[in-house]
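Modelling step: build the complete structure from the supplied sequences, incorporating the hints.
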Amino acid sequence: MVDVIVLIKQMPDLEQVKIDSNTREPIVKNVPKTVEILSEHAVEEAVRLKEKYKGKVTAILLGNEQSSAIMKKAFAIGADEGIIIDGYEEHNPANTARVLASKIKEIKHDLVILGNQSADSITGLIPGMLSALLNEPLLGNAGKIEVTGTNVKVTRILEEDNIEIEVPMPSIVSISQEINEPRLPPVMQIMAAGRKPIKTEKIAPVISKGVTLVSNSAPRSERKKLVFEDMDKGIPEVVKVLKEGMK
Amino acid sequence: MNLVSVLVLAGIIIAVFAFFYKLYEILWDAVKIPLKKPRMKLDLGRRIYILIRNVFLQGKLFKDPFAGIMHALMFWGFIVFGAYSIDFFYVTIFAHQLFSPGILSDIIFFTVNIFAGIVIADVIYAAVRRWGLKIKRYQGFNGFEAAFILVLIGLLMFTYLVMSVLDMQGLLGGYTFVVRSGAPHYLEPISYALTYVIPKAPSSYVYYIFWSAFWIHALDFMVFLIYIPRSKHLHLFAAPFNVLFSTGTQATPLPIDFEKETRFGATDIRDFTWKDYFDFYSCTECGRCTDNCPANMTGKTLSPRDIIWDIRETVMAQGKEYRKNRENPDEVFKTVIGDPILEKDLWSCTTCMACVEQCPVMIDHVPKIIDMRRSLVLNQGKAPKESLDLFRNIESYASPYAIDPSTRGDWAENLDVVDLSKNPDANYDVLYWVGCVASYDRRNQDIAKSVTKILKKAGVNFAILGSMEKCTGDPARRTGNEYLADMMIRQNVETFKEKKIHKVITACPHCFNSLKNEYKEYGVELEVYHHSEYINRLISDKKISVKALTSDSSEKYTYHDSCYLGRYNKIYDAPREIIGSFTENFQEMEKNKSKALCCGAGGGRLWMQETEGTMVSHKRIEMADKINASTVVTACPYCMTMLDDARKTTNREDKMNIQDLSEVIAKRLE
Ligand code: SF4
Ligand code: SF4
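The listed protein sequences correspond, in order, to chains A and B.
If you're matching positions, the first sequence starts at 1062 in the working numbering and goes up one per residue.
If you're matching positions, the second sequence starts at 11 in the working numbering and goes up one per residue.
Incorrect hints may have been included.
[To be verified] Pair ranges (Cβ atoms, derived):
id	chain 1	residue 1	chain 2	residue 2	range
1	B	Glu423	A	Glu1239	37 to 45 Å
2	B	Glu632	A	Ser1282	37 to 45 Å
3	A	Ile1183	B	Thr659	33 to 41 Å
4	B	Gly348	A	Leu1219	35 to 43 Å
5	B	Leu52	A	Lys1090	50 to 58 Å
6	B	Glu680	A	Lys1090	47 to 55 Å
7	B	Glu632	A	Glu1283	27 to 35 Å
8	B	Thr659	A	Val1299	22 to 30 Å
9	A	Gln1250	B	Asp426	42 to 50 Å
10	A	Glu1225	B	Asp399	47 to 55 Å
11	A	Glu1283	B	Glu680	42 to 50 Å
12	A	Val1299	B	Pro265	52 to 60 Å
[Said to hold, decoys possible] Which chain B residues stay away from chain A? Per the calculated CB distances, all over 10 Å, these:
id	residue
13	Ala203
14	Val387
15	Lys395
16	Ser406
17	Asp439
18	Lys526
In case anyone wonders, no lab produced these hints; they're calculated from the structure.
Think of the CB as a built atom: it goes at the ideal place given N, C-alpha and C, for glycine as much as any other residue.
Okay, structure coming up:
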């Protein structure tokens, strides 16, 4: 038996985000929200663990009423319970971690699974902060998770090689994308997911402290738009241009 | 009644019983196994037409002329011989003719005699084709059965001729078991001719010769009767009904009611319809389908014949088990996917319909393949990895591409096109449905631009839906994700209704087929034109004029038929007439029109890797190269993508161009 909490992040669909040509800031207003891709892998992994060892999967999502579609996706994959925490709208990892930790503390669990970083802000701060706040060990960048009795054994994917670590549960595991291929849920599960109740919990705004967002802007790229038509002459010329650019 | 009559009577009763018992079993399966309901409309006129054309005139068999003639002769011979045989047994048992001498008997007698000669020649010819010439489509299966049947038919004819020659030579004076003994010579020309070749047998031998021939003939017929329903020759009885019951909508898989159904697609033999059962029973294992299957042709293991035959064998085996074990259907009916039908084979299909087009007994392979894909996708969430991305993109971006849907109409920027998503109250006569590929794919945007140029030149008042246009659902439907397809269709139907759209042009045969044939089931009637039809009309109505190719030009054009335009919608002439409007430098490739080779992209394959065997598109490009075509004209963005790619990867960039019909015309507008 292993009870898993899986954390889901929603983010604006990056394909649909446009950049303001003056300020270079992303325009996220009115952009549809989508599930952050690593979160989908996290849900998949949590459900696979449940299928293997039995237990329960609880998904937690910071969002609002419109987020139910994303939660339903998690249900379709196989999450048993879903909690949407409504009312937190900051982009402040320290506070995000606090909000999540206080909810996680209320729920009995063996593992907390989440993506090691999100595709929109890519801070990678949440797993570590949660570990500190919950006082549970963190196993980062997992490519494989196994449970042996009361311990969890994780294969961490590092740059040069992989290492295996085993720690007692409860613990936090952040996963990397290689860990699995999220499933395409069967239609009956998608339909059942649509009927499943979602718990929505309102929270009061949190006072900002901790990490501050200094600026968020797209780099200005000036393309030279050089075209080299002739293969033979082209390559030395490309090399020349690159060398000049590096100076 | 004498002993011979009694023995023959007993024999024929046993044979007839064995024959009908098998038919009963087969029908029992189709009736008692809880099956799905087919789409069936009365449609009497069409049914009579195809019955005459494809059964009595053997129409579909002539796609392969030699085999066609051979089979047609066997078929017609078989019918008259049936009448003769009834008489043969009647005479034997009751000692007088059923068809007493007269015009009917004369006709039967005359034709049987001619056919006996032809059929014997035919049997020899068939044997040579099958074992002498080693024709590819006969390889690798059931040679015994074919040989056995040929021997049975050959012997039946041979013994008939023996008896008839003996009679004509006047040697059968005392024998009563001869059909139309002493009939005039002109009624039996073949036998008459043979009397000149074959000397009279000494009278002491006549007894042995006659009785051997007689008993071999009688027993042969009985064995034949028992054997037929237990072999592929069941098609003699099943195929005519299969043709009669053909749905006429074979390209469209059955609708699914997601509110009511709980298991989707076809997993085991319960998930087919009784019409599908006729399909299975009608298959003759002739191999025409597999022979024309682009996947099979390029080294993939998919074989439409094996798919039909494998399910047939499963129906026979599990049907038998079910007759004994009615209580536990779930134990009896096991999935056919995986074993015997490989999942990868189901995914190799391009839904090109070449198999359906070729099948002489009108078997519908494609909806079965799609239904099995549906089983994988909808019940188990199984699909090739690339299709998962396809589904995700269609769901999130309403197109197979992960591109911001608000940019869908961007290709038309600066072209002064009415975009209904930006200008909802604009006036227009025709909607130009662009489709995903021409909206987003760089190369294919040129098609959209060319269509625009032509329509503008002709003064057509048209509009596009821009960001309101969504994937028609076709890629999802053909890949088995009916749930997603259903979602997309509903959204588009909503738009059509809201905007009161009626007349539509599209340059994509996949969109064309969906909008024209499949959206009806969702309650919109659209008047849909493929751009080939529309442009062809603009030319013939002189709304546009096209500069002719100068006679000294070395350009050589060929046309690649799109499956969804050709076989799905029978549009073969319009594209050729368009090319004919400006040049005669045109040559057909090998495999064209209804026999055309697919480009490899249909059935969602455009978004999957083709790793098994070689590429279908390469094979097609080689065919174009063989006739030294300098421009291959296409009429479909999928074909464009595949062939343009094949042209590049096979290093033919310098000598060959791929151009859409709209592009060749847009360039030549005067
Ligand atoms: S539809 Fe085409 S690819 Fe599919 S089985 Fe038939 S012939 Fe082969
Ligand atoms: S399915 Fe049709 S074409 Fe294919 S083997 Fe059977 S009878 Fe022949």
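Which numbered conditions among the earlier hints are violated in the structure presented, ordered from lowest to highest? 7, 10, 14, 15 and 16
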